[in-house]
Amino acid sequence: MTNKSIYIKNESLSVDAAYQYILDERSGGNCIFVGSIRDLNMKKTVRSIDFDCYDAMALKEMHKIADELFSAYEITRILMHHRKGLVKIKDIAVIIAVSAIHRDAAFAACRTAIDALKKRVPIWKKEFYQDGHYWINSTP
Amino acid sequence: MTNKSIYIKNESLSVDAAYQYILDERSGGNCIFVGSIRDLNMKKTVRSIDFDCYDAMALKEMHKIADELFSAYEITRILMHHRKGLVKIKDIAVIIAVSAIHRDAAFAACRTAIDALKKRVPIWKKEFYQDGHYWINSTP
Amino acid sequence: MEYSIWCFGIARDIVGAPRLLIQLDTSSSVADLKEKINRMYEGFGQLKTYRIAVNQNIADDQTILSAGDEIAIIPPVSGG
Amino acid sequence: MEYSIWCFGIARDIVGAPRLLIQLDTSSSVADLKEKINRMYEGFGQLKTYRIAVNQNIADDQTILSAGDEIAIIPPVSGG
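Residue numbers (this note's numbering), protein chains in the order written: chain A, 717 to 856; chain B, 717 to 856; chain C, 156 to 235; chain D, 156 to 235.
Please keep in mind that the hints were generated in silico from the structure rather than gathered at the bench. Hints should not be assumed to be uniformly reliable.
As the list claims (entries may be wrong) - Okay, derived cross-link-like pairs now, DSSO-like style, lysine-lysine, Cα gap no bigger than 30 Å in a straight line: (1) A/LYS834 x A/LYS720; (2) B/LYS759 x C/LYS189; (3) A/LYS759 x D/LYS189; (4) A/LYS759 x A/LYS800; (5) A/LYS806 x B/LYS720; (6) B/LYS725 x B/LYS800; (7) B/LYS760 x B/LYS720; (8) A/LYS806 x B/LYS725; (9) B/LYS804 x C/LYS189; (10) A/LYS804 x D/LYS191.
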């Protein structure tokens with residue numbers, strides 16, 4: 717069994733599957749971050765979201781982030797799954813899951829992973845509202 | 717629907733059920749901590765663990781912690797479930813799950829919750845090894 | 156007056172039962188209770204520390220016990 | 156030389172297609188490519204910024220493009 721699971725998927729992501737993946741008899745602390753689609757952003761009601769993704773480069777960057785985390789923290793396993801395509805409110809956009817012997821490393825690596833993903837991984841979010849749409853971050 | 721779920725249970729805890737509980741259309745950031753039983757502690761192989769619990773006082777303290785977190789952080793929902801009785805390696809001891817509009821609050825509240833639980837809530841862990849047992853923290 | 160004391164964690168192992176019956180003078184304090192417990196069971200002297208909860212709150216040594224109080228021995232906790 | 160440029164996110168909307176064919180002199184740099192893109196589509200001037208990836212790595216302006224490079228327009232990312 718490998719110690720990282722990195723995917724971009726066009727189907728629903730499962731929190732339970734993520735936990736099952738990182739579960740390891742050596743680990744006592746497991747931290748899972750789930751990014752879900754919320755109904756309100758920048759004071760506008762969001763109806764749906766379309767994730768565009770440069771798959772090959774995104775996966776490469778996610779693997780790089782995971783490898784950096786294994787160097788920086790004493791962690792056991794890491795999972796990074798990102799959704800692509802059209803999603804709706806309450807759907808899962810991303811799951812980061814990290815197991816470690818102790819919770820300090822699990823929390824820190826999980827937080828660092830989602831921050832790095834949002835900064836570095838080539839994925840783009842287009843929000844659809846009643847009256848239009850907006851590519852997040854793209855225009856001032 | 718209430719915004720906190722606080723339980724001490726004599727049966728398996730479910731990560732998926734925890735996520736379903738905290739999921740809310742207003743939230744975008746969800747942080748889940750899972751404390752699982754690991755096979756090695758203080759260089760000894762752990763065979764099983766028995767959680768003793770002062771249920772009434774523990775629940776009261778967990779509710780207090782949850783209420784403090786609602787005051788301190790902008791969070792949407794919180795779940796704190798703790799296992800009691802006999803558990804084995806890889807079983808879940810505790811789940812803390814927090815949803816929030818933004819991930820900063822979700823991470824911070826989740827971390828504060830598990831730290832407070834470990835410090836304040838009257839639950840006791842007895843580890844069984846091949847050659848004996850030990851009540852964690854109790855004796856020097 | 157007779158008090159019934161709940162014993163949790165290692166306290167239950169030291170006492171050998173989940174409840175301990177203790178005779179104390181009226182208006183005894185938590186400090187008096189601890190002194191009596193320590194005298195009855197030397198195992199408590201080997202703990203890092205322990206506290207007494209009265210009516211589900213940690214009580215300080217000066218707290219006076221009353222009939223009907225829910226009293227418990229709280230060794231160092233280790234949940235999570 | 157003709158380059159095929161992948162367009163992602165808002166770049167795809169600006170260009171109106173997932174790929175953009177661009178003629179550039181041999182030994183053109185990423186800076187040359189950006190200049191040409193900006194001239195062809197004024198929409199790129201309205202972005203906060205954008206970068207060019209060459210062979211799946213963010214490339215700086217001085218990078219020289221070669222035949223067979225995998226080139227993509229990378230608007231500000233917003234995953235997660």
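Evaluation of the provided hints:
1. Restraint check for A/LYS834 and A/LYS720: satisfied, since their Cα atoms lie roughly 19 Å apart, inside the 30 Å limit.
2. Taken as a hint, the B/LYS759 and C/LYS189 pair is broken in the structure, with Cα atoms around 34 Å apart against an allowance of 30 Å.
3. Proposed proximity of A/LYS759 and D/LYS189 is contradicted: the alpha carbons are some 34 Å apart, above 30 Å.
4. Using a Cα cut-off of 30 Å, the hinted pair A/LYS759 and A/LYS800 holds, with the two alpha carbons roughly 24 Å apart.
5. Taken as a hint, the A/LYS806 and B/LYS720 pair is honoured in the structure, with Cα atoms around 19 Å apart against an allowance of 30 Å.
6. The straight-line distance between the Cα atoms of B/LYS725 and B/LYS800 is roughly 6 Å, inside the 30 Å bound, and the hint therefore holds.
7. For the suggested pair B/LYS760 and B/LYS720, the alpha carbons sit about 37 Å apart, so the restraint of at most 30 Å is broken.
8. For the given pair, A/LYS806 sits about 28 Å from B/LYS725 by alpha-carbon distance, which is consistent with the 30 Å threshold.
9. Distance hint between B/LYS804 and C/LYS189 is unfulfilled; the C-alpha atoms sit about 35 Å from each other, more than 30 Å.
10. In summary, the hint linking A/LYS804 to D/LYS191 is not supported, as the alpha carbons are separated by about 37 Å, beyond the 30 Å threshold.
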